[in-house]
Amino acid sequence: MAMSELSLKSVRKTFGALEVIKGVDLEIEKGEFTVFVGPSGCGKSTLLRMIAGLEDISSGDLEISGERMNETDPSKRGIAMVFQSYALYPHLTVRQNMGFALRFAGVPKAEIEKQVMDAARILELEKLLDRKPKALSGGQRQRVAIGRAIVRHPKVFLFDEPLSNLDAELRVHMRVEIAKLHKKLGATVVYVTHDQVEAMTLADKIVVLRDGRIEQVGSPLQLYSDPDNRFVAGFIGSPKMNFLPATAVTTNGQPSIRLDASGIVLPAGHLATRLAEGTKLVAGLRPEIFKDGGDSSLLLDIEMVEHLGSETLVHARSGETLVTVKYGGIRPMKDGETVRAEFDAASVLFFGADDQRIR
Amino acid sequence: MDRLTRGLTAFFTYAFLGIMAFLSVFPFIWMVLGATNTSIDIIKGKVGIGTALLDNIRAFNAAVDVPLVFWNSIKIALISTALTLIVASLAGYGFEVFRSKYRERVYSAILLTLMVPFAALMIPLFVMMGKFGLINTHWAVILPTLGSAFVIFYFRQSTKAFPSELRDAARVDGLKEWQIFLLIYVPVMRSTYAAAFIIVFMASWNNYLWPLIVLQSNEMKTITLVVSSMASAYYPDFGAVMVSAILATLPTLIVFFVMQRQFVQGMTGSIK
Ligand SMILES: Nc1ncnc2c1ncn2[C@@H]1O[C@H](COP(=O)(O)OP(=O)(O)O)[C@@H](O)[C@H]1O
Ligand SMILES: [Mg+2]
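One line per chain: the protein sequences are G and Z, in this order. Residue numbers for the first sequence follow the working numbering, beginning at 1 and rising by one. Residue numbers for the second sequence follow the working numbering, beginning at 1 and rising by one.
Among the hints, a few may not be true.
As the list claims (entries may be wrong) - When the alpha-carbon atoms are kept at most 25 angstroms apart in a straight line, the in silico SDA-like pairs for lysine to any residue are as follows: (1) 30/G - 249/G; (2) 160/Z - 177/Z; (3) 176/Z - 106/G; (4) 132/G - 159/Z; (5) 101/Z - 46/G; (6) 132/G - 238/Z; (7) 132/G - 117/G; (8) 30/G - 215/G.
Bear in mind the hints are in silico, worked out from the structure with no lab data behind them. From a predicted model like this one, the values you see are computed outputs, not experimental measurements.
One chain only, chain Z, in its complex shape (with noise of 0.2 angstroms):
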């Protein structure tokens, strides 16, 4: 009786599991399988391994300047992370570290700011790009996603547990506050830095509605933009789509593997 429970259990468990699984592995299969067929097996809902890899490739060169779309998504994607990494992580270990009588105030406020959908601030931030004559600029882009509130949140969260006999040592050893910062802080904190990076960085390559809106000239395009307007053509060549798509979704899965376990040190928080 009871083992039978347990066996139930088990097998309830593994199946939701199994289907939760599948349910968000499949896409990935499919998106691999439909680059190596034809737009019209795709739509016929085929499932297997196509002819067409090479003419989708070719179709999907032909339409699209690869190396450029892909140029402009790394180089946004890498200046907005390296440059929110540091922005974050100096107010994060401040907020922590520092007292003030306004501290909790001022960080209440930033919280605040994760409130406001991005929708309320787009004119705004639009009208505002626009007065510094960003538009169609890639620093449009990159400048908005700087003073990112829920990394400022994370970074203060992972200071909680740098221990503030470390910063005490380095001050009696004669090292200045910002040699206390570069020496000891970022050393110490490295896997709340690759988690942060991981995060970041897949935020900023997947980033979709505000570059749609600011990015107007196709030489300034992403990659992620590129995928979705072939997407939407009045004829989709869906195989090139798919070889798209994976090339879209590959920087990713590459950072994310390289730095898994950094990635999963930091969001479990350990520092050794």
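One chain only, chain G, in its complex shape (with noise of 0.2 angstroms):
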């Protein structure tokens, strides 16, 4: 089995009484790009902390290239970190900041000049070398971050919501150029974020967490379509997932599912014989799901309708509860209306009464 380039096993973390990473799992193959993501609180800074050494790993192994890492100091666990706030330093030029690292690992001086050109380079950054950080908008603070990172060569890139302090716009342009980066340099990146488009766009595997523990872990699309719980599906996806109370009934001598509110009763297909009658369940809508033509519907009182032009948002009620509607293109919906949306009964997802899959 080819060894993983990041492991961590059952790694806690604790600050006095409370328990803040509660035994995490995971494994990271060399060149992916892991995302954790996760409500704020839930310890993906902690975690990822931990793997740079900034905090001292309470119980559990962490290895990196099949090396015990645990009491390593920072520098020499072989990861460069781009820090939220960017971290330059403030009295040195951009070209000592990305240099400062080699400085002290006693790199020759040609040498450091020769990463940090290349480094430049790749960032285009050559005309900004003499400057200092103060002297430098947003967007290039955060890529001379990425080049002192870049110029230390590690195994692992370590990244804490790099682009929060971004406009919206430099946001997805930095985003794309963070993707572009983890390409041509084929790095092991392991990317902290709370925001779930984000992690979408850049992650060949997501970890999502929830106070302190691994929810699930999978690709974007695993993660979007095949949810292990009602957690993980709420927080993946935009908008999110409709969440609808329902009961597992018999119809017609049919085991079916009825949804509380509505009285729309879907078929139970392949969940069939797993039902006993009565079980409360939730059904689990995605907003995209409804279209014209679907086997099944839902009658809606529309509270409001937003026209974005190339799709429409409905936000409407069945009975108590609210259901979000996503349609693409232009819809001639007015606030007020009742709306019969359609869906298939087959793109419908279940969740127990524990908020568990129901596979």
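Got two chains here, each in a separate frame; can you build the complex from them with the hints?
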């Protein structure tokens, strides 16, 4: 079996009495772009900082290229980190910032200069090398921070919410730049974000974290179409998946599932043998499964319509439950109308009372 | 009506500020003018330029070994300031950056020393200096100022604006703790150091009570002591006193004007 580039085994972290990372097992392959995603405070940064060596590991093992690194100094782990605030040294020029780590690793001057120039060329920073960070724009600072990481030729790049200080337009631009850079360098990347769009667009592998635990690991499309639980289903995808309370019933002798609010009955399909009558469920309907000509439908009272041109977002109610529907293109719908929204029953996901997916 | 109110408000504001400015600047003007007048004119309250400047300087020079006294003051102020800044910045940085169970308790204990009036410390301190054999040496003046709770407090407060990610970046770049302090913290915080330098330098330069007690022979005395002893002589020559006062004020003025920008930056706490 091929050895992972980065491996976490039952890793835990406690701050005093507070357990923040509650046992994480994870393998990351060489060259893989892995994204840690999850709501704020779930422990993404802490986990990343444990990999970097900026936080101690309370228990468990961290291996990089097969070598146990729990107690190794951050500068000797073969990692480089890009911080949210960029953390450029304000009193040093771009050139000095980028060469700083090599200087302390005892690399000869000429070699440092060459490495800095190479990185500057990749990031188009050549003209800025003699400036101080305060004379740079946000996007330029970001590139210097990345350059500082590249210069070290790390085994693993660590990014902690690197785009969150940029405005929306620049964020999209830098996202594309980072994706290109990853392709060009073929580097192993661990990237932290709370933004699921960033995660979906950048990742080979997404790790969804909640409250110090891994909820699910998988490719972006795996998580989107085959979530393990209600949390992942709700977190991945925008607008959020609709969750409708449902009950397993028997209709006309057939096992089926009834949506509680509307009384709509869906065939139980392959779940038929697995659900006892009366079992409480939650049905998950993504806003984008609604389309004309589906085999089932919901009657919706429209509360508000957002016409975006390329798509139409309908915020509506089915009984007490709020439902969001996303149609492609322009639809002549108005607030206060009642519409029948059609969908295919096969694209509905079901979750048990424990929020786990029923497959 | 509205305009009238605004006009009146402006008038009183400027009148108040004007009076305050006059009150703080007048003594300086009077000091400078006084240096040009005879002692008798000064006592009479003459405000104006006189012709006695050279006489006054000569009298002052005859009464005091000016270079020695000046050198004493500068030496004490510079050593004291440099050491205080080193001790206080290390302490302030340490208190803010390193976590420990006892951190806040120890810090509170240090801040508590701000509550103890110096008068209460004077006698034990004097006894202590006596035991060290330091009475009538400059070290007796310098040493007690080093662990300044106020300056430690000032550095800890300023360190709150020092981004923790800079420390993290430096650790990833392979710097040891002392290198982070010397190569990152010190240059990044230079306006904090500048402001602290001015505050501590001025305090040391103007320090009066304690030096008066521990510095006993004339060749040890500082300019502040000399000014005051001249002013309290039996027949004070006020013209010469004014000359000495100018000389005593000059260095703090120079330090302030040279470092004004950093001082203001340091006080408003901007890291750029
Ligand atoms: N140094 C620390 N001491 C105590 N608690 C901390 C410390 N650092 C982080 N935490 C706590 O750990 C949890 C996870 O934090 P973090 O990893 O920063 O979350 P995220 O990056 O996912 O937003 C939070 O509840 C936070 O308050
Ligand atoms: Mg974070």
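Practice problem: Could you check the structure against the hints above and give me the numbers of any it violates, in ascending order? | Solution: 1, 6
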